[in-house]
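Which chain is which? The protein sequence lines are A and B, in order. At position 85 of the first sequence the residue is numbered 84 (numbering that gives the first Met the number 0), and the sequence of numbers has no breaks. At position 84 of the second sequence the residue is numbered 83 (numbering that gives the first Met the number 0), and the sequence of numbers has no breaks.
Since the hints were derived computationally from the structure, they do not count as laboratory data. Careful, some of the hints might be misleading.
[Unchecked claim] Think about it this way: if two alpha-carbon atoms lie no more than 27 Å apart in a straight line, the pair counts; the simulated DSSO-like pairs of lysine-lysine are:
id, chain 1, residue 1, chain 2, residue 2
1, A, K107, B, K302
2, A, K107, B, K87
3, A, K109, B, K87
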Amino acid sequence: MREITYAEAIREALRQEMVRDESVFLIGEDVGRYGGAFGVSYGLVDEFGEERVRDTPISEAGIAGAATGAALVGMRPVAEIMFMDLTTIAMDQLVNQAAKLRFMFGGKAKVPLVLRTPGGSGTGAAAHHSQSLEALFVHIPGLKVVMPSTPYDAKGLLLSSIRDDNPVIFVEHKLLYKMKGPVPEDDYTIPLGVADVKRPGRDLTIVATSIMVPRALEAAETLAQEGIEVEVVDPRTLKPLDDGIIVESVIKTGRALIAHEACKTGGVGAEIAARIAESEAFDYLDAPIKRLAGLDIPVPYNRNLERHMVPQVENIVAAARELVG
Amino acid sequence: MDLERDLCVDMLSTMHKIRLFEETVDDLFARGLVHGTMHLSIGQEASAVGSVFALRAEDYILSTHRGHGHCIAKGADINLMMAEFLGKETGYCRGRGGSMHIADMQGRNLGANGVVGGGIPLAVGVGLSLHMRATGEVVMCFFGDGAANQGAFHEALNMTAIWRLPVVYVCENNQYGMSMSTQRAFNIDRVSQRADSYGMAGVTVDGNDIVAVYDAASEAVGRARSGGGPTLVECMTYRWKGHSKSDQELYRTKEEIEAWKRKDPIKMFRELLVSEGTLDEEEFASIEEEASRTIAAALEFAKSSPEPDADTILEGVYA
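Please build the complete structure, drawing on both the sequences and the hints.
Here is the structure:
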């Protein structure tokens with residue numbers, strides 16, 4: 000199968016869905032000629048024109064409101080917020096409007112929108128352009144939260160997200176944009192709410208999200224040389240969360256390590272740990288559940304500090320040895 | 000005045016229904032029969048009716064927390080409104096929304112909104128959808144003077160203006176955002192002055208004069224429908240009742256309230272209709288009787304409707 004990057008996979012999903020469905024359009028800052036700050040929508044304006052690849056002023060609340068209003072009356076907008084940190088400016092429209100309208104209106108409205116936004120550190124962009132805020136959205140009833148870790152998943156999950164009749168927060172990662180992987184050229188979907196076992200193993204389950212998935216897979220290679228067989232599970236969708244596959248894996252391995260980039264306190268790792276502890280897997284645990292997550296600080300600028308804030312391959316290896324040993 | 004007689008009857012009748020609906024729910028609250036609070040628009044009926052009557056049935060509205068008038072003017076079934084008000088399963092929102100979130104999707108009322116100014120950015124999207132699909136429809140977005148100082152107001156009006164979307168913004172300036180008077184909250188005389196800074200048309204009218212409101216709204220709707228872009232219409236009006244049910248009225252005087260009551264929009268319209276020979280006292284009586292019958296029937300419907308079943312509590316979160 001041909002290999003393309005994560006950014007190209009997202010662009011291909013956008014392009015294919017815009018061809019297939021006239022109600023799909025892109026809206027966001029510099030998504031047109033510029034191609035988006037990370038080039039994800041590059042070239043789409045040439046194919047679809049400025050009406051359907053719509054540049055906006057720097058108005059995040061306006062973008063989220065425009066997407067929500069358009070979704071309410073017949074369109075399927077895909078909005079882009081340039082950095083996940085800036086979704087905070089759009090919060091009223093996302094949390095109070097997009098997420099709640101259907102319920103408040105007695106189930107008589109639908110809001111089929113996708114809000115794409117890149118989170119994550121590692122680019123030296125410091126505290127206003129690096130945060131991972133997925134847990135904020137996971138906490139909001141009415142929203143779905145998707146966080147792909149591979150080009151294949153990014154395309155299939157984005158197509159599902161656009162076709163979903165609910166508001167979906169689609170969290171990309173800046174460091175994954177250039178990562179290559181096999182992606183079918185045709186149109187395929189990956190259902191929301193289904194986790195994926197990225198590597199099978201018997202000794203330890205690592206539940207990893209986004210950038211932590213390739214890091215966990217790299218750690219698993221090292222650990223395999225030491226005779227430790229790690230199973231890597233990627234939830235792919237944080238809401239709804241597929242706890243079935245996670246619980247099944249922990250029952251098999253008896254050990255659970257959860258790795259995510261976002262700050263530890265109140266992060267999705269806490270939710271995943273609680274789901275494991277509340278399940279029948281609890282009786283199978285041979286060691287306490289362990290979380291590896293970002294330190295509870297804003298993202299620092301300095302290269303060493305920035306790296307130190309977030310779990311790296313060596314941290315995953317060390318934590319796994321500790322759990323299994 | 001050169002409005003058709005039938006239109007005048009319809010507008011007056013709608014104003015009476017709004018007034019009586021709100022007096023009735025006010026009474027229900029006083030008797031402890033209502034769960035939650037409410038925001039009454041008594042005194043502002045001309046602003047709601049004059050604006051909405053400039054629309055066609057297929058046009059949309061976005062309403063506010065003080066939205067009973069907009070909803071009735073847009074043609075809502077008052078039975079379903081009253082049932083929603085009492086939190087019943089038969090209500091517009093199956094009792095999940097209440098007074099502050101009544102929406103009538105079929106009637107193209109995209110809902111009252113509990114967030115001050117929360118509907119203003121939504122209007123950008125609704126207008127964008129109508130524009131992209133070339134439906135020829137328009138959306139009218141209501142908000143109060145308080146909402147005009149929300150940051151999202153700025154983002155939304157600018158976006159609507161640069162894309163020339165079919166949106167009519169109606170600012171119902173009732174002089175107070177809760178207790179904060181417009182004198183204290185603005186350093187300009189009129190909210191409509193802001194239209195100029197976005198490059199859109201803006202006008203301020205006497206919001207208690209239904210003919211003035213209707214004329215201004217009709218011009219704005221015509222502009223929006225013909226591709227001329229958005230308008231900011233400001234209706235100067237006044238709410239007779241407090242902001243909500245917790246209001247102790249510590250920020251305004253009885254004299255001020257009485258002065259505005261002398262400018263009762265219903266009384267003003269009736270006087271005009273008499274002076275023009277359009278309607279007589281007998282016809283007024285029949286309009287009032289019809290309003291009474293409608294509200295009484297709605298109350299009966301709502302009271303006899305079932306409460307939502309707790310087993311259905313999770314429904315409607317996701318599609």
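Comparing the hints with the structure gives:
no. : hint             : verdict
1   : A:K107 to B:K302 : holds (23 Å)
2   : A:K107 to B:K87  : holds (15 Å)
3   : A:K109 to B:K87  : holds (22 Å)
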